[in-house]
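Undergrad: So the sequences go chain by chain: A and B. Heads up: the first sequence begins at 1002 in this note's numbering, then just goes up one per residue. Heads up: the second sequence begins at 1002 in this note's numbering, then just goes up one per residue.
None of these hints come from the bench; they were simulated from the model. Please note that the accuracy of each hint is not assured.
Where chains are identical, the list cannot tell them apart; a pair therefore holds if satisfied intra-copy or between any two copies.
[What the hints assert, rightly or not] Using 27 Å as the maximum straight-line C-alpha spacing, the simulated DSSO-like pairs for lysine-lysine come out as follows:
{"id": "1", "residue 1": "Lys1207", "residue 2": "Lys1236"}
{"id": "2", "residue 1": "Lys1207", "residue 2": "Lys1178"}
{"id": "3", "residue 1": "Lys1640", "residue 2": "Lys1452"}
{"id": "4", "residue 1": "Lys1521", "residue 2": "Lys1652"}
{"id": "5", "residue 1": "Lys1283", "residue 2": "Lys1452"}
{"id": "6", "residue 1": "Lys1236", "residue 2": "Lys1641"}
{"id": "7", "residue 1": "Lys1087", "residue 2": "Lys1641"}
{"id": "8", "residue 1": "Lys1664", "residue 2": "Lys1279"}
{"id": "9", "residue 1": "Lys1640", "residue 2": "Lys1392"}
{"id": "10", "residue 1": "Lys1452", "residue 2": "Lys1641"}
{"id": "11", "residue 1": "Lys1331", "residue 2": "Lys1510"}
Protein chains: 2
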Amino acid sequence: MKDRQTESDVIKAIRILSARQVEAAGSGHPGTPLGAAPVMATLYGRFMNVVPDDPCFYDRDRFVLSSGHASAMLYSTLHICGYDVKAEDLAAFRQEGSRTPGHPEAGVTPGVDCSTGPLGQGVANAVGMALAERILSARFNRPGSTLVDHYTYAFCGDGCMMEGIENEAASLAAMWKLGKLILIYDSNGITIEGDTHISLTEDIAKRHRALGWHVVRAGNVENTDALAVAIEEAKAEDGRPSLIIVSSKIGYGAPNEGTSSVHGSPLGAEGMAKLAEKLEWKCSGFELPDDVKAFREEMKAKGRAYKAEREARMERAKAAYPALRAEFDKYLSGAYMAEAADKITALAPEGSDSTRSICGKLLAAADGMIPNLVGGSADLAPSNCTAIKGKEYYSATASANGALHFGVREHAMAAICNGIALHGGLLPFCSTFFVFSDYMKYAMRMSALMKLPVTYILSHDSIGVGEDGPTHQPVEQLAGLRAMPGLYVFRPCDGRETAAAMSFALSGKAPTAIVTSRQKLPACESSDVSGALRGAYVIAEGGDCVLMASGSEVGLCLQARELLEKRGIRARVVSVPCMELFAEQSEEYRNSVLPRSVRARVAVEAASRQSWGGFVGLDGDYVCMDGFGKSAPASVLMKKYGFTAENIADKTENIARACRAAK
Amino acid sequence: MKDRQTESDVIKAIRILSARQVEAAGSGHPGTPLGAAPVMATLYGRFMNVVPDDPCFYDRDRFVLSSGHASAMLYSTLHICGYDVKAEDLAAFRQEGSRTPGHPEAGVTPGVDCSTGPLGQGVANAVGMALAERILSARFNRPGSTLVDHYTYAFCGDGCMMEGIENEAASLAAMWKLGKLILIYDSNGITIEGDTHISLTEDIAKRHRALGWHVVRAGNVENTDALAVAIEEAKAEDGRPSLIIVSSKIGYGAPNEGTSSVHGSPLGAEGMAKLAEKLEWKCSGFELPDDVKAFREEMKAKGRAYKAEREARMERAKAAYPALRAEFDKYLSGAYMAEAADKITALAPEGSDSTRSICGKLLAAADGMIPNLVGGSADLAPSNCTAIKGKEYYSATASANGALHFGVREHAMAAICNGIALHGGLLPFCSTFFVFSDYMKYAMRMSALMKLPVTYILSHDSIGVGEDGPTHQPVEQLAGLRAMPGLYVFRPCDGRETAAAMSFALSGKAPTAIVTSRQKLPACESSDVSGALRGAYVIAEGGDCVLMASGSEVGLCLQARELLEKRGIRARVVSVPCMELFAEQSEEYRNSVLPRSVRARVAVEAASRQSWGGFVGLDGDYVCMDGFGKSAPASVLMKKYGFTAENIADKTENIARACRAAK
């Protein structure tokens, strides 16, 4: 930052441009941008090592706007800092196809490192980024050679502080001693329903100290020098993540500043005029004064210099540590994953086993091929079979290791994996019981929305859980996750299908859930990797009717088919390990697997019938779970709820006869 | 508790009987019961005001075993305390139809106040119970007349402490100054993956102090006198909830005590023998020594005396405050709700409006009829339209009020409402944006599992949210919640259908989600309350094909029907406000609404198509959302994704023609 005047003008520019974005859109959130603009000016102007010309440069400082509703503030900042976010982009705030959507979206706007909006997520994403930086820097930096070295900054408000995921993530950040994570908390004393004292009475500084954080109070946000000192202190603290608390006035400069009404509504023409008057702002529209324009060029030049310096380091590393440098490239390119995705299908275990155990063996094999695989479980690794033998756990003192103890913190676990994936260089996975995917559902949604290669290993997939009872037996989770766009949900029936699922996950194409059984399943003779990778395939031929199933019910259907054969009915069995992949196949393929003409169809799955409706049609039937399960041994439950070859055969016979009669 | 020897024997009995339950079942969790048995003996023996003969007595102390996997410990305790949990029930631990399921289930076991198992939930449930006690006691107690006066105890372990929902709930408990809430935290230093230090390094006492709690360290759990002193201190503290921290040895007395292997596996014959030897336990099976049998009789007698004393109070109140006493009975019986459920349908607003606004008006009307309605929003009351004019917010200083500021804590909000409903006497509701129902999904599941009358008001129901973009636009949530057994999901199209939804919710039959639009919707001329209460009904006649829709898409389908009429196609329009209720109708009714013979069916809903598959069949089509939305004005999005009368008519025409051709 050249001088005090320029900084003051940058702050004003962020305020005015943000309010004008909201005004142009006729909707949006001016409150936080007006209040917290000095944070952005200080952070970007004085601290952030970023490259506006190359916004995804791997060794940039990261920034996460956890309070995503303040998106206009980020867009104004990026515009002013020389990113490819132009005045016309600001003018198109919240419009179709613009670079300036209502909440920040990674991949849409240059300089946006993370999609945010749902409160609390961003803090956990930032923890994941900082963890990735720590693991990578521990692996790749050597005396005199630094390949990875950057900070992760996150910005949040009162809302994020109230969400449980924030506490989960913050607790892990302290445990992991993420000294290069700096969270700036904008305490403006206002929530949507009124003053924060009506819903936030805890001592946030003290809570974070209890979690193990370094806490700095920077006072009023208008004092940017004090904020800069606080950031310096935070940067100097290596052993603990830092929380910087600033106080601001929501809607600063607006006629209704300091009230909840300024949070989420445009100021209106009069309010805008008063704001410009108060800030003595002369420029119209999204124009900038000369000193701010000069600041922009300065930011771009700084970014180029930063990049050049880091690239020179890379060159030196190439000379000094050629193997290490080559390895680093493989980390960043995803080459290990691609190789493993190819090879893993050949490693499909044969024989009868639980799919959780099979999945665990494949995960261990993958880990042998992918040194940059990192992940763990929410305190269920032995049960999820995701404790990889020989893989050492991350610890703050030996931080290069990649196995993670997340503790019983499902929501933060998933969001932290999102952060790791966003950072790049590492491939994250996480695991818990399938039913507890509900605890992390919104974070899984963010994986899907951002198309991040996060692998979810979700064991104990049905009433097959048995004695632990209905709180631990998933019923509706398959349907719920299958309804989520962009998530690929696999429920494999045996070793080959599990290998297919793992191969898809390792390809990094999309977030993947691998849903596995607690109980042993028979190997299905004609199961098939390539069929599984088409989502659904004929696992046993037959022309009179179709049985469709996934996972533990495929083997049952094969048994039912034999019973039906004895009754003179030839049933085709279709294994459906991944509905999302099947939906992507050609109509021809889909019709070849499930011919439209065959109306006698029965879906068999120990879960809600809902996701099968479109396959079963009006003439078919279901053997599914229509309510919650019970506490009892799994074999008792399977029988109780009709998951027997006999019952499936009976239902199918009825349907087959009814359809024949109707012809 | 008669004497030290008896207490010691009760502790031993809890340990032995718990381990024997697990042994008999061949699975389960002996670790915590063996470790924490002294807590149960002290709590029930010295403190709990309960009535084993009348386990649901309204003014009993509540107990929530948040670490539900320790269920055997609770069952042993209930057995020993004289509840109707017999030795044969203990022997049937985790078996089908037993009173002793794998995790505690309210309604299944006398003396179990709350279903638990998913970690963290129980702490929030207890907060809800304590809040209910506080509101009711503030309303109904008078000088010299006490109708409500009891404590809420909860027990949790390290796992609950790691979950974000615990922090959310604990923050609210302190803000609400719930002095009669006492949480006993069993710190045994072990999690499933190993020692807690690998995943829990925060200072839990300090964190709770930061939240505003009174924290007492009671030391080693074997010193029950110290624990009793701590509980006395906690009871004496009126202005803050109390956290009592005890340390225990997981699996006390087992050969593998103090290790994670004792958490969740039976001890085996040898381990059991060593345990009995160490505890010098002579009784076989589930037999009890004489002093413990005497203790049981003492507990029952104490309970009867407690109940008699409270009933005498009630009688005195009847004389001194007859109206108040009558009102109290109406609170407990649910009479107000039943009346309001009847009357609310007559109050359906006419005219065009958003269903969130309509719902808000009906909620306010309901509030006028139901003085015991309590609830609020996760900091979105103005947007959810759930801020009821004139309804005063609860505050710790005037705690009789029933409007609640939950802050941005969706998960705890829902679980606290479960606790309020479990307590009885109050009817809880809560609200947030529909998309954020994901944050509280597991707590909603617990509402469904326990069949609790909690009303979820979920506004901003589709891409109709508009500019806020995909993070705020639900797509898969309707399918996800419809797949949940026992939850009734309404998506009403106008005033009458919203009134039907509200009527169902107020009837208290089941947990209900009312999903409402942000945008204005036209009133549908022939919409119908009684039709809506059957889940689906014909809203406009037609014989060639069927259009099916809910909420904002019903009006569109009615427009499409007119376009189709001009093209010579008579389309029936079926409004489907609640799929769960429709599924409960007779086959005759269902076939009258959706005749099996009509195959030309189109489902129209601005959400995932998944839940419509079973209605559409193999020949129909969908106008649904197949991906996430975008940030843009709602009207732009509706057009972009095909939610126009023209597009619906075109698709329907194609389907109608194809089905005719196939005949």
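Undergrad: Each of the hints needs a verdict: does it hold here or not?
TA: Hint check results:
Proximity of Lys1207 and Lys1236 under a CA criterion of 27 Å is satisfied in both settings, with 20 Å inside one chain copy and 25 Å between copies. Proximity of Lys1207 to Lys1178 under the C-alpha cut-off of 27 Å is found in both arrangements, the shortest distances being 18 Å within a copy and 19 Å between copies. When the C-alpha separation of Lys1640 and Lys1452 is checked against a cutoff of 27 Å, the pair qualifies only between copies, where the shortest distance is 25 Å, while the shortest distance within a copy is 40 Å. Proximity of Lys1521 and Lys1652 under a CA criterion of 27 Å is satisfied intra-copy only: 25 Å inside one chain copy versus 46 Å between copies.
With identical chains, the CA atoms of Lys1283 and Lys1452 are never at most 27 Å apart, being 42 Å at best within one copy and 62 Å at best between copies. Within a single copy, Lys1236 and Lys1641 get their C-alpha atoms no closer than 61 Å, and across copies no closer than 47 Å, so neither meets the 27 Å cut-off. Proximity of Lys1087 and Lys1641 under a CA criterion of 27 Å is satisfied inter-copy only: 25 Å between copies versus 64 Å inside one chain copy. Taking the shortest Cα distances, Lys1664 and Lys1279 never come within 27 Å of each other, neither inside one copy (80 Å) nor across copies (74 Å).
In the homo-oligomer, the alpha carbons of Lys1640 and Lys1392 never lie at most 27 Å apart, since the shortest distance is 40 Å inside one protomer and 52 Å across protomers. Taking CA atoms no more than 27 Å apart as the test, Lys1452 paired with Lys1641 passes between copies only; the shortest distance there is 22 Å, against 40 Å inside one copy. Taking the closest pair of Cα atoms, Lys1331 and Lys1510 come within 27 Å of each other only inside a single copy of the chain (17 Å); across copies the shortest separation is 58 Å, beyond that limit.
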